[in-house]
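Student: These protein sequences, in sequence, are chains D and R. This note's numbering puts the first sequence at residues 1 to 124. This note's numbering puts the second sequence at residues 1001 to 1265.
To be clear, the hints were calculated from the coordinates, so they are not data collected in a lab. Please note that the accuracy of each hint is not assured.
[Stated by the list, open to error] Derived PhoX-like pairs (lysine-lysine); straight-line CA-CA distance at most 25 Å:
1) K1031/R x K72/D
2) K1031/R x K10/D
3) K98/D x K10/D
4) K1028/R x K1007/R
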Amino acid sequence: MENLKLEATKYTPEISLDASGTVSLTGKSYPENTFEFYAPMMAWLEEYFAGNAVEKTTINMEIIYFNSSSSKLFFDFFDLLEDNQEDHKIEINWIFDKENESAQEAGEDFIEDFEALNINLVAK
Amino acid sequence: MEEYENKLIAEIEILRDNFIKTTEKLIKDVKRQDKIMLRSDKRQQQEYDELQRKFDEVAILQREIEDTQREVVFTMGAIGESRSKETGNHVRRVAQYSKIFALHYGMDEKEAEMLKQASPMHDIGKVAIPDAVLNKPGKFDEVERKIMDTHAELGYEMLKMSNRPLLKMAATVAYEHHEKWNGTGYPNQLKGEEIHIYGRITAMADVFDALGSDRVYKKSWDDEKIFSFFKEERGEHFDPKLVDIFFENLNEFLAVRDSLKDVSL
């Protein structure tokens, strides 16, 4: 399965989907058309978990700012991970700058909402 | 018939189950949506507060920069004036007169305020005139006069390299404040509107104040003498339009002079 990489823009994060088991989202997320923007990522993940996943998948999310539709998208993203939780080993690192209180709170909220997922808060 | 009814019930039961599943999902989605909105609102509030705080900080810094610039420029002007044995209030008055001229001439408030700040630097070139010339008692001979007159160009040379609009304006003021409307001034014998309006205004403001002030080497002129001088020099030394502005708004100029009197020398 091919890797997918999207460079960061002013409004969107860098996205790196590596078939060897690492998924990274880094930067800001407030695109104009959030669901359209993330569609290729979601499609890649569907395909990945449908028989292409390696033993352990690590998700690194370092999102310093996101809008409400990105928030909704992240819920969908975590739903997808949760659906695959039983059959795959998935670890999520929510990475935030220790100065960035709202990024930390967002991570804490996701942990609360997705109890089944293995989400680590990683302060840098 | 009975069988048919049972089948219908079974279908309705499936429908009911689906309906329950769907409504549960809908409820979950709506709850989630509410949660997202609530959190987004909270985050937006925090972020907007943070932005607001930073904007305030920037505004304070901006003011600080402007105040510093104003102070530096004013001090430079005062240095120039102190070399010409004039008082600190001379600089202040020239500044105010220049702004009055500028506004009546038709400049907007921003440009007039800039000229107010730039005009006091007109004599900054005097810092480079040797003391022996500058402090000479009595009249200059021809060579000394020539040296003295270089202060206009020297001031321009000092300021022209700057990219700051205010200092650029001050460079023009320094360079052209001794030009005369009839082309007999220095350093470039510019004529009429060849002389930048900033130079024409500062010339008028500077001379008006110099004539009305006591100096160690001369007594101040009385107002009648000053007024007839300006009438004579209308279209000669000075831009006729500025002379007209001066007489039409005399009260404003005199009010400034009264409010910024020199303590006696």
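Student: Each hint should be assessed against the structure and marked as holding or not.
Tutor: Results of checking the hints against the structure:
1. Restraint check for K1031/R and K72/D: satisfied, since their Cα atoms lie roughly 12 Å apart, inside the 25 Å limit.
2. Only pairs whose Cα atoms come within 25 Å are accepted, and K1031/R paired with K10/D is rejected, the gap being roughly 31 Å.
3. Taking the CA atoms of K98/D and K10/D, the gap is near 22 Å; set against the 25 Å cutoff, the hint holds.
4. Among the hinted pairs, K1028/R with K1007/R is inconsistent with the structure: their alpha-carbon atoms are about 31 Å apart, more than 25 Å.
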